[in-house]
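Undergrad: One letter stands for each residue in the lines below.
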Amino acid sequence: MNAVTYVRQNTIALRPTLDSMTGARLAAIALATITGGVHLYLYWTQSFVPFLLAGIGFLTMAALVPTTFDHRLLYLGGIPFTAMQVVAWIQLGMPDFQLGVADKTVQLLLICLLGYLYVSERRNEATARVDVETPEPKGAIR
Amino acid sequence: MSTHRRGVLKALALVAVLVTAILAGCTSGTADEGAAGLQLPNEPDYKGYLDNTDNYDYTHDMRGQEAVTIEVGSKGNMGDYGFGPAAVAVSPGTTVTWVWTGSGGTHNVVADEGTFNSGPPVAEKGTTFEYTFDKPGVYRYACEPHEAMGMKGAIFVTPDQSGGPSSGAGAESGDSSGSESIEYSVNRHLELGHRLG
Ligand SMILES: [Cu+2]
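Protein chains in written order, with the numbering used here: chain A, 1 to 142; chain B, 1 to 197.
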């Protein structure tokens, strides 16, 4: 696949799909929506632009899960994006402490889940590819 | 330049204008300090304490008032993380009341030398905290949750009515001679002149 096709597939040719929707993917949607919502609320009450960007980022992440978007990129991009939020909160002096602790718990869970999804879906893909490429030889001795 | 590229540039320019307009709409409005004081002839030296406080413009001269109000959670430091105004000059005996705007999350008011402390951070609009400044000096304070973001302020308490910290005698010693009141009324006239002019 060349770069142009790849970009096309992940932008204008993007379409929603519920294929391979799993419990883990649903959980990732839920967690990203929660922290995205929290950040939009924080932007609403505090006018801090990075909150708006984080909110849009997390909601976009959630919205891209039930689509044909390259999930490997989604997971690999989502992990550092989310980790950055945790680091930024600590660096800024952990403001809004209680809400912050709850939100960062959600974000740490999301990081773990994205890691799990990346590994497990890659493994599934690999298994599927092996199945296709090397069908079981017929009449083999078992 | 091709017409196509020109079209793209035009579109980009339009987006830039829209974004600017939206941002301007978001930042304007609320939190203009009520009784904004005039500037002092000589700005006090806060020793770099307010260097990362982007809503610190100058020390607002509010000397001669018995009560002064400062907003907690006014516009500043990329959000609602400012004390408004960040720096004020008051006369000894002035009661300063901090009033929470309800924006910017939880805040508190804590003097860096422990002179005053409003307690744990709270968010509720209308919360107040007051402290009466009897002793001349520079009082630096911050909101603990947002200190790293620049939510800091200073109260400059001075008996001197004629000008800034280093203008003339009596600035540090705090003597109240008869000439001071005359000087003060003259100063008032000048201030009025400033306001009218
Ligand atoms: Cu604060």
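Everything labelled a hint here was simulated from the structure, so no lab data went into it. Just so you know, not all the hints are guaranteed correct.
No more than 25 Å apart at the CA atoms, straight line, and that leaves these computed lysine to aspartate or glutamate pairs for DMTMM-like [what the hints assert, rightly or not]:
1. A:K104 <-> B:E124
2. B:K135 <-> B:D112
3. A:K104 <-> B:D112
4. B:K135 <-> B:E124
5. B:K125 <-> B:D54
6. B:K47 <-> B:E144
7. B:K125 <-> B:E147
8. A:K104 <-> B:E147
9. B:K135 <-> B:E66
Here are the computed distance ranges between Cβ atoms for each label pair [to be verified]:
10. A:A30 <-> B:G102: 26 to 32 Å
11. B:K47 <-> A:P16: 54 to 60 Å
12. B:Q39 <-> A:L40: 24 to 30 Å
13. A:S120 <-> B:E113: 51 to 57 Å
If you're wondering where the values come from, they're calculated on a predicted model, not measured in any experiment. Note that beta-carbon positions come from the ideal geometry of N, C-alpha and C, so glycine has one too.
Undergrad: None of the hints should be skipped; say for each whether it holds.
TA: Verification of the hints:
no. : hint                          : in the structure
1   : A:K104 <-> B:E124             : 23 Å, holds
2   : B:K135 <-> B:D112             : 16 Å, holds
3   : A:K104 <-> B:D112             : 29 Å, violated
4   : B:K135 <-> B:E124             : 30 Å, violated
5   : B:K125 <-> B:D54              : 23 Å, holds
6   : B:K47 <-> B:E144              : 19 Å, holds
7   : B:K125 <-> B:E147             : 20 Å, holds
8   : A:K104 <-> B:E147             : 20 Å, holds
9   : B:K135 <-> B:E66              : 14 Å, holds
10  : A:A30 <-> B:G102: 26 to 32 Å  : 30 Å, holds
11  : B:K47 <-> A:P16: 54 to 60 Å   : 58 Å, holds
12  : B:Q39 <-> A:L40: 24 to 30 Å   : 39 Å, violated
13  : A:S120 <-> B:E113: 51 to 57 Å : 56 Å, holds
In summary, the structure is inconsistent with hints 3, 4, 12 from the numbered list given earlier, while agreeing with the others.
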